[in-house]
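Asker: All chains should be modelled from the sequences, with the hints used to inform the complete structure.
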Amino acid sequence: MLATEFKQRLEQMAGGQVEVSICDNKDVLIRPAINFNAAPPFVKQLLWDYLDTPREER
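Going by full-length UniProt numbering, the first residue of the sequence shown is number 1, and it counts up by one from there.
If you're looking for bench data, these hints aren't it; they were derived computationally from the structure.
Each statement offered as a hint is correct.
Calculated lysine to any residue pairs in the SDA-like style (CA-CA distance at most 25 Å, straight line):
id : residue 1 : residue 2
1  : Lys44     : Thr4
2  : Lys44     : Gln12
3  : Lys44     : Gly16
4  : Lys7      : Cys23
5  : Lys7      : Ser21
6  : Lys26     : Pro54
7  : Lys7      : Phe42
8  : Lys26     : Glu5
9  : Lys44     : Arg9
Since the structure is predicted, the reported quantities are computational estimates derived from the model, not experimental observations.
Answerer: As C-alpha coordinates, then:
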(Lines of atoms letter the chains of each structure in order from A and count residues from 1; the text may use other names and numbers.)
(Lines give C-alpha, C1' and ligand atoms only; values in the text may rest on other atoms or scores of the structure.)
Protein backbone atom coordinates (compact mmCIF):
# COMPACT_ATOMS: atom_id res chain seq x y z
CA MET A 1 0.00 0.00 0.00
CA LEU A 2 1.39 3.41 -0.92
CA ALA A 3 1.74 6.02 1.79
CA THR A 4 -0.60 8.37 -0.08
CA GLU A 5 -3.25 5.64 -0.35
CA PHE A 6 -2.90 4.90 3.37
CA LYS A 7 -3.30 8.61 4.19
CA GLN A 8 -6.39 9.02 2.01
CA ARG A 9 -8.07 5.84 3.25
CA LEU A 10 -7.46 6.57 6.92
CA GLU A 11 -8.69 10.16 6.67
CA GLN A 12 -11.79 9.01 4.77
CA MET A 13 -12.55 6.14 7.17
CA ALA A 14 -12.08 8.33 10.22
CA GLY A 15 -14.60 10.83 8.90
CA GLY A 16 -12.24 13.77 9.16
CA GLN A 17 -11.54 13.19 12.86
CA VAL A 18 -7.84 12.70 12.26
CA GLU A 19 -5.23 14.40 10.14
CA VAL A 20 -2.52 12.17 8.68
CA SER A 21 0.94 13.38 7.64
CA ILE A 22 3.59 11.32 5.86
CA CYS A 23 7.11 12.44 6.76
CA ASP A 24 10.11 12.38 4.39
CA ASN A 25 11.36 9.21 6.10
CA LYS A 26 7.89 7.67 5.56
CA ASP A 27 6.92 7.78 9.22
CA VAL A 28 3.23 8.46 9.68
CA LEU A 29 1.87 11.12 12.04
CA ILE A 30 -1.79 10.79 13.01
CA ARG A 31 -3.30 13.80 14.82
CA PRO A 32 -5.02 14.07 17.18
CA ALA A 33 -3.35 11.21 18.93
CA ILE A 34 -5.70 8.31 19.40
CA ASN A 35 -5.77 5.62 22.02
CA PHE A 36 -4.87 2.73 19.73
CA ASN A 37 -6.57 0.22 22.03
CA ALA A 38 -9.81 2.19 21.71
CA ALA A 39 -9.51 2.68 17.94
CA PRO A 40 -12.12 0.98 15.74
CA PRO A 41 -11.02 -2.37 14.27
CA PHE A 42 -10.89 -0.96 10.71
CA VAL A 43 -8.33 1.66 11.80
CA LYS A 44 -6.15 -0.97 13.44
CA GLN A 45 -6.37 -3.26 10.40
CA LEU A 46 -5.52 -0.43 8.01
CA LEU A 47 -2.45 0.42 10.10
CA TRP A 48 -1.32 -3.22 10.17
CA ASP A 49 -1.80 -3.46 6.38
CA TYR A 50 0.31 -0.35 5.91
CA LEU A 51 3.03 -1.60 8.25
CA ASP A 52 3.11 -4.95 6.42
CA THR A 53 4.02 -3.10 3.20
CA PRO A 54 7.79 -3.06 2.72
CA ARG A 55 9.17 0.40 3.54
CA GLU A 56 10.58 0.92 0.02
CA GLU A 57 7.11 0.41 -1.51
CA ARG A 58 5.30 2.92 0.73
